[in-house]
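Taken in order, these protein sequences are the chains called A and B. Whatever position you read off the first sequence (first residue = 1), add 8 for the working numbering. Whatever position you read off the second sequence (first residue = 1), add 60 for the working numbering.
Source of the hints: derived by calculation from the structure; they are not laboratory data. Watch out, some of these pointers could steer you wrong.
[Claimed, not checked] Derived coverage of chain B by chain A (criterion: at least 3 residues anywhere in the stretch with Cβ under 8 Å from a Cβ of chain A; other residues may be distant):
| id | segment |
| --- | --- |
| 1 | 108 to 120 |
| 2 | 149 to 155 |
| 3 | 160 to 173 |
[To be verified] In silico BS3-like links for lysine-lysine, alpha-carbon gap of 27 Å or less:
| id | chain 1 | residue 1 | chain 2 | residue 2 |
| --- | --- | --- | --- | --- |
| 4 | B | K130 | A | K219 |
| 5 | A | K15 | B | K189 |
| 6 | B | K164 | A | K15 |
| 7 | B | K67 | A | K15 |
| 8 | B | K67 | B | K130 |
| 9 | B | K192 | A | K304 |
| 10 | A | K109 | A | K131 |
| 11 | B | K199 | B | K189 |
| 12 | A | K305 | A | K15 |
| 13 | B | K192 | A | K15 |
[To be verified] The calculated label-pair distances, taken between Cβ atoms and stated as ranges, are:
| id | chain 1 | residue 1 | chain 2 | residue 2 | range |
| --- | --- | --- | --- | --- | --- |
| 14 | A | I379 | B | M61 | 41 to 49 Å |
| 15 | B | E176 | A | F22 | 44 to 52 Å |
| 16 | A | S233 | B | M61 | 26 to 34 Å |
All values derive from a computational prediction rather than experimental measurement. Where a beta carbon is used, it is the ideal one built from N, C-alpha and C, also for glycine.
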Amino acid sequence: MFYYILKKEFLLLFRNLHALLVLFIMPSAFIIIMSIALQNTYSNSIDVKYKVLLSSDEKGKSISDLLEKIEDNNFFEMSYMNEDGKDKNILYKEGFDFIVKIPSNYLINIQNNKDMQIDIYTKPKSSIQTINLLKSLLTANISKQIIKSLLLQLDVDTTQTKDFTNNIVHHYISNVHNFKVTSVQQSVPSWLIFSMFFILIPISNTFINEKNFGTMNRIRSISISLFPILLAKVIPYYIINMVQVCFMIFLGVYLMPYLGVDALQIQGNVGLVFLISSAVSLAAISFALVIANIAKKSEDATSIGGISNILFAALGGIMVPKVIMPERMQEISELSPMSWALDSFLEVFVNGGTMSDIQNSLFKLLIFAIICFLIAYILLQRKK
Amino acid sequence: MAIKITKLDKSYGRVIVLNELNIHIKEGSIFGLLGPNGAGKTTLISILNYLETKNKGEITILGKNYDNDKSYIQKNSSYVPQSYAFYPELTTYENLEFFAALYKIKHKDMKKRIQEAIIMTALEKFQDKQAKNFSGGLKRRLNIAIGLLNNPKILYLDEPTVGIDPQSRKYILDIIKNINTTKNTTIVYTSHYMDEIEYLCDEIAILDDHHIIKKDTKQNLINENSLVKIVLVDEVLEINTTNGFDDLINIFVKIKKDNKKIISIDYGTKSLEEMFLKITKQDLRD
């Protein structure tokens, strides 16, 4: 009997292939757009640098050194205006991101402990991180100038002094040797998970049609358990989810380099990727079955399911990386199944994690899948 | 007796749908269930098919207790809902194959049983066609074909001719008659079309006000409503016109000859539809 139930599900699925296209087009578009958009987040430079106007009456080597050193950082494009920039509207008129106003004789004033203030003017949209980066660079370079000047006063030769910045090197700790974190590494798992949960749309459409056409009532009138009916819905959609996984990984590994973005690296165990994908798929399908049971019309399923998926994604670090969330939000994000899925994928993709690293998340996903499936089964049984 | 229902109650919260309903349906009969919208016909059929639960009452189907022998009763009865309860994307054969599997028909018998259902409903030419491309009549026939797969002893047909042309209706009614005569299947038939009920059914029940308000054989109902009542000054004459109007003409000739005065004539209700409207008080039901 199960063979024929399964056959029916496959036939329904393959005769409505166009309904599945969204499951491939949407994540592909997201992966391409987000990988390209976020590629600077994981690099040492950015394509469009912040434009900084350094305004000061001060002339000479100290100012030109300051300009040069800050520009070396690759994040800021420096300009100089030899006057006190009273007209702060120049920020908007000339399209600058920052105006840094440095008073004349700033080095002497600092050394002599005189009142002195450096002002930074910027637009409200500037992030506090960028402002702090500029402040740090100014502080570090002005401090260097002061130390240099003091050492000169003490007749110490500073020509051999190296820039210590180059002695500070960052390392990503991962089980994989020489691993490089890239935007593709983040985007592929994120949008793959998001799209896997959107299996809800084709599942709920076929299921709601069965309910509304009276087919489900007819099945109920036959002496048969509804368990195999529900179970048969899992298998074809599980296969679709697995095809999604293969397609998105293929996209990340082979297509993204052609678009000028780093390729996805899967240095971790491929078997673990399959295991995580399976758990995510079961969770997504079971959740879809609950929504399909609750909803009366396809429109209801699309809106209820769509909203819950977007909430899961927003909470789970799909749309906004969890690391930049406040502590409270990070705690809340632990409630989202997409967060468990993303943690597992990143553990394998980024850290080259092992089974012991992902087993907690896998366990949570499987428990979520079992609970949702049981709820769907109870709802189906009770709907009389 | 195919179905015996005694004092059946069903309500949704405070809304009473069926109240102390009693019906006996003979084995091998075609039983017509009539009733205005919202009278509870579909609820009654749903209860008999375990799609709704009853609140109270005794039901015996095919000699088995409704509450204790669910599996036997479900195996031997079949429900054809009003809606097209199949998969439009599948072909006739694929639909029948799927439902045959649900009826747990063994693989070796499946082909034969499907072919029987196809022949009974004259779907031979359409077995490899997707149901979504069918006309209303073909869809109705497929709906019935699915209901025949388990060789049911009782077949419930809930308004099986809604929304189709007169030719297809006639075709389907003949199919239903054929199922009843060749397989001795008890058929419980609900419809709003009185002519169908009149054409098909041996027994008719009218469900209204939460219970059966009228139940009799078709012949008795027609006889009862074919009486022409002539009120004279000193007597009332009742003439049965079921078998023609010769008696009525003779009576009129006699009244004329005797020079009697007619006070009123009640022509009775010849059609089932008029009778139905008369019994159900002609109120509009929303």
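Each hint tested on the structure:
1. 108 to 120: Answer holds; 5 residues pass the 8 Å Cβ test.
2. 149 to 155: holds (count 3)
3. 160 to 173: Answer holds; 5 residues pass the 8 Å Cβ test.
4. K130/B - K219/A: Cα-Cα ~22 Å, so holds.
5. K15/A - K189/B: At roughly 17 Å apart (the allowed maximum being 27 Å), K189/B and K15/A satisfy the hint.
6. K164/B - K15/A: With a Cα-Cα distance of about 15 Å, the restraint between K164/B and K15/A holds, given a limit of 27 Å.
7. K67/B - K15/A: Measuring from Cα to Cα gives roughly 44 Å; hence the hint is violated.
8. K67/B - K130/B: 19 Å, holds
9. K192/B - K304/A: 22 Å, holds
10. K109/A - K131/A: Holds, because 15 Å separates the two Cα atoms, which is no more than 27 Å.
11. K199/B - K189/B: Roughly 11 Å between the alpha carbons, so the hint for K199/B and K189/B holds.
12. K305/A - K15/A: The hint holds at about 25 Å.
13. K192/B - K15/A: 18 Å, holds
14. I379/A - M61/B: 41 to 49 Å: 47 Å, holds
15. E176/B - F22/A: 44 to 52 Å: 29 Å, violated
16. S233/A - M61/B: 26 to 34 Å: 30 Å, holds
Taken one by one, the earlier hints fail for this structure at numbers 7, 15, listed in ascending order.
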